[in-house]
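As you go down the protein sequences, you meet chains A and B in turn. Each residue of the first sequence is one higher than the one before, starting from 7 at the first, in the working numbering. Each residue of the second sequence is one higher than the one before, starting from 7 at the first, in the working numbering.
A few of these clues could be false.
Said to hold, decoys possible - Not everything, but these chain B residues come out facing chain A in the computed CB check (under 8 Å): (1) E96; (2) R111; (3) E114; (4) E120; (5) G125; (6) T128.
Keep in mind the hints are simulated off the structure, nothing from the lab. Glycine residues also receive a C-beta, built at the ideal position from the N, C-alpha and C atoms.
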Amino acid sequence: MNWDLLGQLVVNGVIVGMLYGVVAMCFVLIYKSTQVVNFAQGEFLLIGAWTCWAMLVWLEMPFWLGFLFTLAFMFVFGILLQVVVLKPLIGEPIISVIMLTIGLSIVFRALMSWMFGEFVKPFPQVFEADAVNVLGLQVQPAYIMSMVISVVIMVGFFYFFKYSRMGLAMRATAFDQQVAQSLGVSVKQVFAMCWAISALVSAVAGVVIGMVNGVSSALSFFGIKVFPAAILGGLDSIVGAIVGGLIIGVLENVSQYVDSQWLQLGGLYQIVPFYVLVIILMIKPYGLFGTKDIERI
Amino acid sequence: MADTAPRQAAPETMLSVNNIEVVYDDVILVLRGVSLEVPKGQIVTLLGANGAGKSTTLKAISGLLKTEDGEVTRGTVTFDGETISNQDPEKIVRKGIFQVMEGRRVVEDMTTIENLRLGAFTRRDKNVRRDMDMVMDYFPRLKERAGGLAGYLSGGEQQMLAIGRALMARPRMLLLDEPSMGLSPLLVKEVFGIIESINRDQGLTMLLVEQNASQALKLADYGYIMESGKVVLDGTQEELLSNEDVKESYLGGGEQRRSFKNLKSYKRRKRWL
Ligand SMILES: Nc1ncnc2c1ncn2[C@@H]1O[C@H](COP(=O)(O)OP(=O)(O)OP(=O)(O)O)[C@@H](O)[C@H]1O
Ligand SMILES: [Mg+2]
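For reference, chain A alone in the conformation it holds in the complex (with noise of 0.2 Å):
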């Protein structure tokens, strides 16, 4: 056996595992308000990180106002989304909003490889590359950032669900929207927030990506990860959203690892977490923290 191999391999798994555990809860936080499968939450990280990349490379910008761009844009973009494209369809069935979603997944990369190309850019250096050394494991500056933006995010989701007044307006519309608009709460309003935010942390998501592996196409097929994570995790739960995203990760890479060490099939680790998902929901079909009659975030 190779400890140090299948030590590092578990920290790249939580390292990533968090990142899907930010998106997948990104994923939940439209689905649970709006009862929307966002098929194009993949797109969102494309989108967030070429926006952020065309920033740098093409207006020359500093790495934080770039930064700050993005995200500012990628709110607009979320709410614009609500109220051009989706504010219409409301009281329609909830399948035309989800082909809707999976026709603007295409749509957005079909736009994104037009404007950028098909092949990985690189992401201008922001961080030193160099590895250093924590706890005996090398690990990429890079890693440590991306996992210390995925923990404040997600203790940022848990204060704004908890404490802020949009946050608890949020909850009230997912658990009932005719109690939530008698407390004065504007269904709409809480729709565009939702997507809002949900666009804006995706985008944090993508940019994280681009900046260790480049930025391209492949960024939404981040997404199709995200969908057992969330489902794992039972679609409506924030923590079981967390929680599904670090399984993924973990079993992805260790996958990857019992793979390279015995079975040689090659590419195997990308499909585990599918498996893993099947087994896991015939025997929890509600997923790990779904709801059944009281909810829970």
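Keeping the supplied structure of chain A fixed, place chain B with the ligands upon it in accordance with the hints.
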């Protein structure tokens, strides 16, 4: 009952519903000309059997009708002289009208405290904490369950939470839809006692929908009785309490127990129009 005398200085009308007609889904006519007035600082009750249109009347006032595909197609609702019919509920809440919906409707996956903070959603001032203490003083049971999930509260506690949550909005007028629903007689007494003291302490104007007519008329200054989408009778507390038809249909024969033989006649529902 005896203390109604000082109130009779004809207070100004806060809310008036003028001959409204309400249609659901563009076709189902539910209210067929309902008019009522609620004077400032008073409790007015709206009584009637199941399906009479009481909840619909409240929703027409609070704007929640919109969330159920309903619409006021004729007549107007005015609050402080301003016409508010068919406005969005979130606008009407900001004008100071707050509806406590039928069936409690607390957010079950939130704690008691979170539900109360949610009640203050429309407020931006700094007194939210102080009002939370005020609510806890009215409903000491909520204080004990402050950190627990609202879904695990008893029915009575949930009703108290729903009313407390409404107070957190600092409304100028409260619309209460059957607060006694599903509560034991003892709890009904407790809840109604608190409703009365809120009205007394704060001068909060209330429109109280009830099926429990005897309890409601104990605290109301004025009452309306609805049947099949119309107001069929109205009057002061004393007038309604002494009205023979009201006694027979809604008060279960008044104070004295009558003989078993007479009970049968209560089943015959009398119509006023
Ligand atoms: N959303 C709706 N769509 C269609 N019809 C409705 C709707 N809500 C209520 N109704 C109908 O309107 C009528 C009056 O209902 P409403 O709820 O106002 O009665 P209520 O007096 O509050 O009765 P209860 O005492 O049982 O609560 C009923 O016949 C009901 O079926
Ligand atoms: Mg009703």
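query: When the nearest CB of chain A is found for T128 (chain B), is that gap smaller than 8 Å?
result: 4 Å, holds
query: How about E114 (chain B): closest beta carbon in chain A under 8 Å, or not?
result: 6 Å, holds
- request: Return the status of the interface hint for G125 (chain B): holds when the least beta-carbon distance to chain A is below 8 Å, violated otherwise.
  value: 6 Å, holds
- prompt: Holds or violated: is there a CB of chain A closer than 8 Å to the CB of E96 (chain B)?
  reply: 5 Å, holds
- prompt: Should the interface hint for E120 (chain B) be scored as holding, given a Cβ-Cβ cut-off of 8 Å against chain A?
  reply: 6 Å, holds
query: Can R111 (chain B) be said to touch chain A, with a Cβ gap under 8 Å?
result: 5 Å, holds
Figure legend: structure checked against the earlier numbered hints; every hint is met.
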